[in-house]
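Listed below, chain by chain, are the residues.
There are 2 protein chains.
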Amino acid sequence: MRLTVYSDFALRLMMYLCLNHDRLSTISEVAEAYDISKAHLMKITNELGQKGLVETVRGRQGGMRLGKSASAISVGEIVRACEPDFAIVPCFEAKGAVVCVIQPACVLKRALAAATAAFLETLDGYTLADLVRPTVPLRSLLGLDSSTSGLAAH
Amino acid sequence: MRLTVYSDFALRLMMYLCLNHDRLSTISEVAEAYDISKAHLMKITNELGQKGLVETVRGRQGGMRLGKSASAISVGEIVRACEPDFAIVPCFEAKGAVVCVIQPACVLKRALAAATAAFLETLDGYTLADLVRPTVPLRSLLGLDSSTSGLAAH
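Protein chains in written order, with the numbering used here: chain W, 173 to 326; chain S, 173 to 326.
In case anyone wonders, no lab produced these hints; they're calculated from the structure. Don't take every hint at face value.
Since the list can't tell identical chains apart, any single copy or any two copies may satisfy a pair.
Calculated cross-link-like contacts (lysine-lysine; reagent style DSS-like; alpha-carbon spacing at most 30 angstroms) [what the hints assert, rightly or not]:
1) K281 <-> K210
2) K281 <-> K223
3) K281 <-> K240
4) K223 <-> K240
5) K223 <-> K210
6) K210 <-> K240
7) K240 <-> K215
Just so we're clear, the structure is a prediction, and the values are computed from it rather than from any experiment.
Work the whole structure out from these sequences, hints included.
Listed below in C-alpha cells is the structure:
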C-alpha cells in the first residue's frame, strides 16, 4: 500500500514551508534540502496553489509560503489534494478501463471504501502544525539554521 | 493510494473459493473466471497456503479450498498476508534504501502509521463471509451455476 510520490513530496514541501515560515521559500531550495525532483515539486506547487494550500509570490525576490495557517491545514487535506485518486484496487479507477467480472455484485468495494475513509479521517486528525513540533531539530536537519532565517523576511 | 496486485487477486481468489465451497477449485479455473494472471495466482496461493488461509489437495483430482471457515477469515487478515509491506511512503521500507533528510525527527511517520492501522482495522471488521452475501449473483457472474457444482465434491 503506497501513496503516490506527489503526496509524499507535498507533505515534505508543506513541512518545509511551515518550518521556514519567516521568509519565502523557492522550489530549488526545497528540492535541494530533501534531494528530490524539482520538476515534481513544480507540479505539486501548482496543484497546492490551486487548492489554496500554497501561495506564490512572483518576481526576483519571489517564492512561496503557506496559503493559510499551519494549524488550519490537516494532513488529510494535503493528501486529498495530491492523490490523483483513491483507487485502492483497479475497479475504483474512474476511467474504468480495467473491469472485474464480479463488479456488479461486489461487496468488497464497500469494505475497501470504508477502510480508505478511515485512513483519511485519521490523517484529518493531524494538522501541519502537529508535524513540525520538534521545530529545532527539523530546521537543523533541513539546513534552516537561525543564522540564515529572516534574510528575506516579509 | 493502491494495494498491490497480490492483495487484489488474493481477495478475489478467496471469494471464489468461498463461493465454490462445495468442491475444490483449481488455479486455472480461478484465473479464467476473473481473466487474471495464473502465475500471480500461483504465487498468491503459496503465500495464502503458508498462512493457513488456503488448503491445497494434491493429485489429479486436486485443487484448493479455504483453510478455515469464511466467517473466521477477516479481509484485514487477507490483506496483511499479501501486502509485501505497508510502506505508505518510501521511508517506511524495511530495506531503507530511500532516505529522507528529516527522518530522525519526523512526526509524519506516526500520522501515516496511525492512518494505515485505521485502514486495516476497518478491514478487520469484514469477514470473507460478508463479502459473498449476494451469493446467487456472484456465483452466476463467476460461471458457478448450480448445474456444475458438486461434480468434484469432497
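Going through the hints against the structure:
1. K281 <-> K210: Close across copies (23 angstroms), not inside one copy (36 angstroms); limit 30 angstroms.
2. K281 <-> K223: both (28 angstroms within a copy, 24 angstroms between copies)
3. K281 <-> K240: between (35 angstroms within a copy, 23 angstroms between copies)
4. K223 <-> K240: within (11 angstroms within a copy, 48 angstroms between copies)
5. K223 <-> K210: This pair counts as within: shortest intra-copy Cα distance 20 angstroms, inter-copy 43 angstroms.
6. K210 <-> K240: within (23 angstroms within a copy, 51 angstroms between copies)
7. K240 <-> K215: within (20 angstroms within a copy, 48 angstroms between copies)
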